[in-house]
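Note that the protein sequences, when read in sequence, are chains H and C. Residue 1 is where the first sequence starts when you use the working numbering, and the numbers rise one by one after that. Residue 1 is where the second sequence starts when you use the working numbering, and the numbers rise one by one after that.
A couple of the hints might just be wrong.
Copies of the same chain look alike in the list, so a pair counts if it fits in one copy or across any two.
Below, in silico cross-link-like pairs of lysine to aspartate or glutamate (DMTMM-like), each with a Cα-Cα straight-line distance of 20 Å or less [claimed, not checked]:
1) Lys154 <-> Glu202
2) Lys116 <-> Asp167
3) Lys95 <-> Glu68
4) Lys109 <-> Asp167
5) Lys164 <-> Glu18
6) Lys154 <-> Asp70
7) Lys109 <-> Glu18
8) Lys39 <-> Glu183
9) Lys164 <-> Glu108
10) Lys116 <-> Asp171
11) Lys39 <-> Asp86
12) Lys95 <-> Asp21
13) Lys95 <-> Glu66
14) Lys154 <-> Asp105
15) Lys154 <-> Glu50
16) Lys95 <-> Glu53
17) Lys95 <-> Asp70
18) Lys39 <-> Asp59
19) Lys154 <-> Asp143
20) Lys116 <-> Glu75
21) Lys164 <-> Asp59
22) Lys116 <-> Glu66
23) Lys164 <-> Glu66
Don't read these hints as lab results, they were simulated from the structure.
Number of protein chains: 2
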Amino acid sequence: MSTYNTGSTHISQQYDNELEDLRSKVLSMGGVVEDHLVKVITTLSTTQLEGVEYVAESDHVVNSLEIEIDQICTEILLRRTPAASDMRLVLAIFKTITDLERIGDETEKIARLVLKLNDPRAITIYYTGILAISRNVRRMLSDALNAFARMDSKSAIRIAQMDKEIDAGIDLLMRQLITFTLEDVSAISAVLDAVLAARALERIGDHARNICENVIYLVDGIDVRHGETGIS
Amino acid sequence: MSTYNTGSTHISQQYDNELEDLRSKVLSMGGVVEDHLVKVITTLSTTQLEGVEYVAESDHVVNSLEIEIDQICTEILLRRTPAASDMRLVLAIFKTITDLERIGDETEKIARLVLKLNDPRAITIYYTGILAISRNVRRMLSDALNAFARMDSKSAIRIAQMDKEIDAGIDLLMRQLITFTLEDVSAISAVLDAVLAARALERIGDHARNICENVIYLVDGIDVRHGETGIS
């Protein structure tokens, strides 16, 4: 089983710098995405809308980073003709930024749903369960990015498993949300939006798991997608 | 502006065969994914559950194809050190199979929601609007795969724009679905599931658009993601 040695050096110091720069750009992008999720959480806990207003207008930052990193990956593949382990790093990054971009999209969706509701009391009523789960999802994302930063496949395996717990929490929340409409049928619109927000959180968890799986593929050279090793 | 010439030949005939084989494997994967969507549509129009039963149990076929094609891409990158245009082909395929795999996931979700409902009359009531939209989504996916097969970026631009129409149809459908619960609050569970099925269709449209954008990137060498050219 091969490993990706983050301290490896190439004949060209410049090439090492390029790979290091690429890795740190991915972490910056992860930082921006995580910050957006934190801003949504802040709105849900304080009912102050500044956080979701910011996120609803800032997805372009994430998108630009994806395009920039994508181009750097392509250039490295073209100019450096990387050997197997570096190739795996570049391809894992190529996938990871797609997941980060989609996390950005889902976070923006939640922000827009909360903005649409635009009512502090209703946020407290319909989003309390979502707030609790979004904190867990944020922890999972943060841990996944740390595992990526340290290329720590052991942690990545553990973090990927958090996804199951989050999914179970969301299933329970969906049932709770339905009871609101049984008490008051006019709540249906707000409940539907909360359900969509919950599903967006579920997909953020899925993408965080994908990032972990990319780390495992990179470090251990095995493909753990689709549950072949019991992760998903 | 560069183009990807599908008839290009390399010094090694073997290399040409590998690239051709890779392209046809992606089209096979697309065929499987489209077939799953067609089976869901058949269930929605006939209320016979065989189609969704099959799809709910067959996602592993799509997943295996993704892993297989992913490995072929990695090997070609490692062994052949492709020049710029071939590199773009391999990377576009690398992204396209992720989209196809996610389309498979979303189709499976719809199949499971219909299976859970398990009631021909309820399928007719709650899924008639979804049936109409799913036929449009299927057409979009089919056209996107044809554009990929022919490397036709002009068609790809046109097809990518169908996504907006589908999204508008789904927004309208969501409002119609809500009215069911106003008439009968006990319909809430079925309505929520239909809403999730509609959103899954929306995401299939998004992924079909991504496939078109990959074709445009490949043929014209421009990145049209995130609406830079007004497509999305």
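In rising order, the numbers of the hints this structure does not comply with
1, 5, 6, 7, 8, 11, 14, 15, 16, 20, 22, 23
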